[in-house]
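S.K.: So the chains spell out like this:
Number of protein chains: 2
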Amino acid sequence: MPDIRHRVVISAPLERVYEAVATKEGISEWWTRDGVEGESSEGSRLQFFFGQPEPAAVMEITRLSPYGQVSWKCVEGADEWVGTTLDFDLANKDDETVVLFTHADWREPTEFMAHCSARWAYFLLSLKSYQEFGKGTPFPEDLKF
Amino acid sequence: MPDIRHRVVISAPLERVYEAVATKEGISEWWTRDGVEGESSEGSRLQFFFGQPEPAAVMEITRLSPYGQVSWKCVEGADEWVGTTLDFDLANKDDETVVLFTHADWREPTEFMAHCSARWAYFLLSLKSYQEFGKGTPFPEDLKF
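One line per chain: the protein sequences are D and X, in this order.
The opening position of the first sequence corresponds to residue 1363 in my numbering, with each subsequent residue numbered one higher.
The opening position of the second sequence corresponds to residue 1363 in my numbering, with each subsequent residue numbered one higher.
Residues of chain D placed beyond 12 Å of chain X at every Cβ, according to the derived structure: (1) R1378; (2) E1381; (3) R1395; (4) D1396; (5) G1405; (6) S1406; (7) L1408; (8) P1415; (9) V1420; (10) E1422; (11) P1428; (12) Y1429; (13) G1430; (14) E1438; (15) D1441; (16) R1469.
Straight-line C-alpha distance at most 20 Å; calculated EDC-like pairs for lysine to aspartate or glutamate: (17) X:K1506 - D:E1494; (18) X:K1497 - D:D1504; (19) D:K1506 - X:D1456; (20) X:K1506 - D:D1456; (21) X:K1455 - D:E1473; (22) D:K1506 - X:E1458; (23) X:K1506 - D:D1457; (24) D:K1506 - X:E1494; (25) X:K1506 - D:E1458; (26) D:K1506 - X:D1457; (27) D:K1506 - D:D1396; (28) D:K1497 - X:D1504; (29) D:K1455 - X:E1473.
Note that these hints are calculated values from the structure, not bench results.
Heads up, the beta-carbon is just placed ideally off N, CA and C, and yes, glycines get one too.
Using the sequences and the hints given, assemble the complete structure.
M.R.: Dropping the structure here:
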């Protein structure tokens, strides 16, 4: 099954990058400021809003480890997203944190998947900017493309 | 075999985006300003320089069609790149140009591939910025990550 994989290096401690990916407050600074609702704990669900009354995606949190793993399974949202899994694997390297991001188990390598691949890279660079300069570019401040 | 695929929409005519991807002058505005050498014609080779005396990659041009296709095959460069193929497929959509980029036939989904995936998305947004605002972020002006 085709996967999206990105690697981005961030000049910030792993603990801080983990907070940015694991908490609703953190996620709102780099992915969507329009709303992250639910409880961020293993087995719970998070709803992500992007300008619509309904969430664009609902993720079940399948792993949340402060050692540097955050995993979600998409349970509601775009047809092509439902059933896919998302992993943020964080690792210390020198004084930086390596983020290995995987959005896996797409059924087909569609044009929408290619769109999402570029979008994820953009938002991971938003995460980097948030960590390094205190300001990301989450929706709706994101570049549209 | 794992592939990198990105889709980016650019507010510029297809002919202009094609020039930016098909010519040495164009490529130097969004990928590398450090040097693109050789002849840009089908069957020829282009050398791409990134701050070293040796080219970081040598690509054989396997397709060059003004209808919107530019294809390369990597013949020299990083071990993991040699033998891979790169395609820029351009399509008109309303008044914009859709760029579907594929870097295909990687042997393994390595961490280096994930790095290159995020890098390609970054440089495709550099291409977009060059087309829309007249200024890209090619090497060495690129963000390092």
